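Asks: Protein chains in written order, with our numbering: chain R, 1 to 105; chain V, 1001 to 1171.
Treat the hints with caution; some may be incorrect.
[Unchecked claim] Here chain V is said to cover these stretches of chain R; the calculated rule only asks that three of the stretch's residues, wherever they fall, bring their Cβ under 8 Å from a Cβ of chain V: (1) 14-23; (2) 32-45.
[Unchecked claim] So, partial list: chain R residues that the calculated Cβ filter (under 7 Å) puts toward chain V: (3) MET28; (4) ASN59; (5) VAL67; (6) ALA76; (7) ILE86.
Hints listed in this document are in silico derivations from the structure and should not be mistaken for laboratory results. Just so you know, these numbers come straight off a predicted model, no measurement behind them. Ideal Cβ positions, reconstructed from N, Cα and C, are used throughout, including at glycine.
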Amino acid sequence: MPQATPINVDFYVILATLLFVIGAFGVMIRRNMIVLLMCIELMLNAVNLLMVTFSCYYNNADAQIFVFFIIVVAAAEATVGLSILILAYRQLRTIDISIFNKLKG
Amino acid sequence: MIATILTQILGALTVAAALMVVISKHPVRSVLYLVVTFFFISGLYIMMNAQFLAIVNLIVYAGAIMVLFLFVLMLLNLNKESEPKTPTLSWIIASIAAGTLFVVFIAALKDIVLVSQPGDNVALSNIGLVKNLGNTLFTKYVVPFEISSILFISAMVGAILLAKREKQMID
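Start from the sequences, fold in the hints, and give me the full structure.
Replies: And the structure:
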């Protein structure tokens, strides 16, 4: 790749921050548990984007390996989370997150 | 300069798609917008020459995890009518809180001075290519890689155990 410009770190940092804030906003306003899990995935992706940016900037491969492991853990987390959700839906017939304050006992 | 413009367009589209994930009322539409967001993020990875992660992001996130979400949504037969309502007050409060969070993040990040590195001004590095990343993954990080397979097995067993119907629930 001849004459490629170095990446613009500021742009990526602001973009990742924006994505993280949008994910946090979603966690705050949505009541649907599946959408809540999706917002968490969005926040994870914001962190991934930041890590890839700095990995590229510092020319260091370790951060990209960490992103790979984050993706692995996210896959496992989504599997277990969704199966818990199905279990909860069978018991309560709803996926409204506010019903879950019953878990406090 | 076309790379810079392309990156900025991709970034704007990513933010727009992520916003649509949050504000769209229909859960299935949220999932589809999230898939679109992952495609744009993969595009950004390619712009940073992280080709391996771009492909893994597409295969694992957009391919596997999102199909799982969509599957659960279809299985539970959720639609717009069953979507829980959010009160207007909590929209306002959440908007203020999220905006404040963004401002705090930006204020914290504003004064950062990045240490210039040798890889700074050369062309985009090649560390994100499959060959180089594979070399690192299977030499330096081979133990965590193997442990992650144990994590997957336990997640799989846990998911099957949790989602399995009890004997007496089958009518």
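Asks: Okay, which hints does this one fail, numbers in order?
Replies: When the structure is compared with the hints, none of them turns out to be violated.
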